[in-house]
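Student: Here is what each chain is made of, one letter per residue.
Number of protein chains: 2
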Amino acid sequence: MSRSGEKSFIEWICHSLPPQPHSIDHGPGDDTAIFHSNAELPSLITTDLLMDGVHFHLDQTHARRVGYKAMAVNLSDIAAMGGTPSLCVVSIALPCTNGRALGEELMGGLMDLAREFEVGIAGGDTNSWNGPLVVNITLLGQASRKGPLLRSTAKPGDLLLVTGKLGGSLGGRHLDFKPRVRESRLLHDHYNLHAMIDVSDGLSTDLWHLLNASSCGACLKQDCIPIHDSVYEIQDARTPLEHALYDGEDFELLFTADPAEADRILQDQPLDIPITLIGQMTSEKEAQLMAPDGQTHSLKPQGWEHRLQ
Amino acid sequence: MSRSGEKSFIEWICHSLPPQPHSIDHGPGDDTAIFHSNAELPSLITTDLLMDGVHFHLDQTHARRVGYKAMAVNLSDIAAMGGTPSLCVVSIALPCTNGRALGEELMGGLMDLAREFEVGIAGGDTNSWNGPLVVNITLLGQASRKGPLLRSTAKPGDLLLVTGKLGGSLGGRHLDFKPRVRESRLLHDHYNLHAMIDVSDGLSTDLWHLLNASSCGACLKQDCIPIHDSVYEIQDARTPLEHALYDGEDFELLFTADPAEADRILQDQPLDIPITLIGQMTSEKEAQLMAPDGQTHSLKPQGWEHRLQ
Numbered sequence: 001m002s003r004s005g006e007k008s009f010i011e012w013i014c015h016s017l018p019p020q021p022h023s024i025d026h027g028p029g030d031d032t033a034i035f036h037s038n039a040e041l042p043s044l045i046t047t048d049l050l051m052d053g054v055h056f057h058l059d060q061t062h063a064r065r066v067g068y069k070a071m072a073v074n075l076s077d078i079a080a081m082g083g084t085p086s087l088c089v090v091s092i093a094l095p096c097t098n099g100r101a102l103g104e105e106l107m108g109g110l111m112d113l114a115r116e117f118e119v120g121i122a123g124g125d126t127n128s129w130n131g132p133l134v135v136n137i138t139l140l141g142q143a144s145r146k147g148p149l150l151r152s153t154a155k156p157g158d159l160l161l162v163t164g165k166l167g168g169s170l171g172g173r174h175l176d177f178k179p180r181v182r183e184s185r186l187l188h189d190h191y192n193l194h195a196m197i198d199v200s201d202g203l204s205t206d207l208w209h210l211l212n213a214s215s216c217g218a219c220l221k222q223d224c225i226p227i228h229d230s231v232y233e234i235q236d237a238r239t240p241l242e243h244a245l246y247d248g249e250d251f252e253l254l255f256t257a258d259p260a261e262a263d264r265i266l267q268d269q270p271l272d273i274p275i276t277l278i279g280q281m282t283s284e285k286e287a288q289l290m291a292p293d294g295q296t297h298s299l300k301p302q303g304w305e306h307r308l309q
Numbered sequence: 001m002s003r004s005g006e007k008s009f010i011e012w013i014c015h016s017l018p019p020q021p022h023s024i025d026h027g028p029g030d031d032t033a034i035f036h037s038n039a040e041l042p043s044l045i046t047t048d049l050l051m052d053g054v055h056f057h058l059d060q061t062h063a064r065r066v067g068y069k070a071m072a073v074n075l076s077d078i079a080a081m082g083g084t085p086s087l088c089v090v091s092i093a094l095p096c097t098n099g100r101a102l103g104e105e106l107m108g109g110l111m112d113l114a115r116e117f118e119v120g121i122a123g124g125d126t127n128s129w130n131g132p133l134v135v136n137i138t139l140l141g142q143a144s145r146k147g148p149l150l151r152s153t154a155k156p157g158d159l160l161l162v163t164g165k166l167g168g169s170l171g172g173r174h175l176d177f178k179p180r181v182r183e184s185r186l187l188h189d190h191y192n193l194h195a196m197i198d199v200s201d202g203l204s205t206d207l208w209h210l211l212n213a214s215s216c217g218a219c220l221k222q223d224c225i226p227i228h229d230s231v232y233e234i235q236d237a238r239t240p241l242e243h244a245l246y247d248g249e250d251f252e253l254l255f256t257a258d259p260a261e262a263d264r265i266l267q268d269q270p271l272d273i274p275i276t277l278i279g280q281m282t283s284e285k286e287a288q289l290m291a292p293d294g295q296t297h298s299l300k301p302q303g304w305e306h307r308l309q
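Line by line, the protein sequences give chains U and S. For what it's worth, the working numbering labels the leading residue of the first sequence as 1, then goes sequentially. For what it's worth, the working numbering labels the leading residue of the second sequence as 1, then goes sequentially.
Chain U with its partners taken away, still in its complex shape (with noise of 0.2 Å):
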């Protein structure tokens, strides 16, 4: 793409951005852009950075789908906290070949999502490059009136619950998931809920990052832990057991209520996906898996080793 086609494809991008939220004052077209804040609320800012290659194989993927995981992932992020998002920024480095027709394909899967989730595109910047497809959004978004939920909050005695169903995301889930935003506030609104985290790296390492921001340990129940369909279609050595502790990329919630609360929302079942209980907190920090039998084993963080080099 030459400079007047990257002056172009902003041009075009310009015009084809969602409503933009009040909190905007001037979107893209200045040195920065320009916006306010709700003072009220703490403010909360996360960034990700997905490279063809690394997190999507641009040979097999279609660049729209790139886009909507690129604004997903960010969207969990907030979602983790119980937060709202508002307002994202993203850059982008295309690849010579092709580029206008990839950075519109990306932008409009990214934009579906900032619709549907009304976040506002402020700015960002985009170049093109002799290099694989990259993608960086950086987005912010406000706690609730509740505040933030952590993950270092958890207690001893909590039990453990997540939304949804694990493993086996890398199928093709992991580009097409619905953030939990929607179900991460309700959750956050109507109940007491004490930590939580959202499962990108896997069930057995999120649940161990709960763990150490929280100095607790935790007792998973084998046999409770919610496995998704799709695990059951993959052919390799892993069990459908270990696709759902280690996959990564389920984008479901993990969080921590006292045991009365935790039966409350297990009764009500207020979500349109499945809470399922599966395991409790302790106070020794470690994990440790239990079978149907009785023996319990260390659980240790496995998830995304795809992601290794």
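Be careful, since some hints might not be right.
Pairs count within a copy or across copies, as identical chains cannot be separated in the list.
To be verified - Simulated pairs of lysine-lysine, DSS-like, Cα-Cα distance not exceeding 27 Å: (1) K300 <-> K165; (2) K7 <-> K285; (3) K7 <-> K300; (4) K155 <-> K300; (5) K155 <-> K7; (6) K178 <-> K146; (7) K285 <-> K300.
The hints are simulated quantities; they were obtained by calculation from the structure and are not laboratory data.
Given the coordinates of chain U, work out where chain S should sit on it, guided by the hints.
Tutor: Here is chain S on its own, set in the frame of chain U:
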């Protein structure tokens, strides 16, 4: 870099961070960072993606200078709005070979500037891959009480001023330049400026950005353009004036004020660097360059050709 290598690198970053500003309530370590804004002042947001082979050449440049530049170009954008930088998030894609060492150097250069300008590093995303070094910074800031300085508010009759000297930056200065954050704040605080932009794409191109945004024209005086000493060392087909007009990556401030105010600024010379009168805004939407003999030529936006793919 392995997954455990990435984890250890993130731990290194967290231990090496400069003092965080009070606006950051919760830095790296959760799904998002948490901060609070001064709601009385408009917030600013900018993002820049730098790629090896396009914005720098790692085979000729120490990664520390790349990190410095990645932060400096964002700081320059905040400066161009007359704002104060506050916090950033940093995304990095490190090449597999020597990734950890490159990452530490990059972060070192970036943190030097963060420390100097009291910018918090609220979070980020680190990755490694079989690709070139890529770094993206998203920087937040706040406008001054006088509001942000836009590109779109120059008026016909305004005088056009520029800080410092132009041209020859690609010989090395583009990796070491000092972003004009303090200079911009001082000018904005003490004088009534109409419009401002930073000279990143080259004087001719950034002048056109200003003209298009403000629906004005301009006439530059050829013999008033301040030419950087380094230009005279360049042996190529371009004249020194052409280097000053078209090279780009100067990261100086181009701004306008009404004639009386501009005269006051020129008289005061309130900065450690020179402020030079280079021309005047006109009502007809064209840019002209006036030679010493009074002849005028049309000035086209030709900066940044080195970015062309």
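Student: Now, for every hint given, state plainly whether the structure supports it.
Tutor: Hints, one by one, checked against the model:
1. Taking the shortest alpha-carbon separations for K300 and K165, only the intra-copy value of 20 Å comes in at or below 27 Å, while the best inter-copy value is 58 Å.
2. In this assembly of identical chains, the alpha carbons of K7 and K285 lie at most 27 Å apart only when taken from different copies (19 Å versus 54 Å within one copy).
3. When the C-alpha separation of K7 and K300 is checked against a cutoff of 27 Å, the pair qualifies only between copies, where the shortest distance is 15 Å, while the shortest distance within a copy is 49 Å.
4. Taking the closest pair of Cα atoms, K155 and K300 come within 27 Å of each other only inside a single copy of the chain (20 Å); across copies the shortest separation is 65 Å, beyond that limit.
5. Taking the shortest alpha-carbon separations for K155 and K7, only the inter-copy value of 25 Å comes in at or below 27 Å, while the best intra-copy value is 53 Å.
6. In this assembly of identical chains, the alpha carbons of K178 and K146 lie at most 27 Å apart only when taken from the same copy (24 Å versus 42 Å across copies).
7. Taking the closest pair of Cα atoms, K285 and K300 come within 27 Å of each other only inside a single copy of the chain (12 Å); across copies the shortest separation is 66 Å, beyond that limit.
Of the hints listed earlier, there is not a single one the structure fails to meet.
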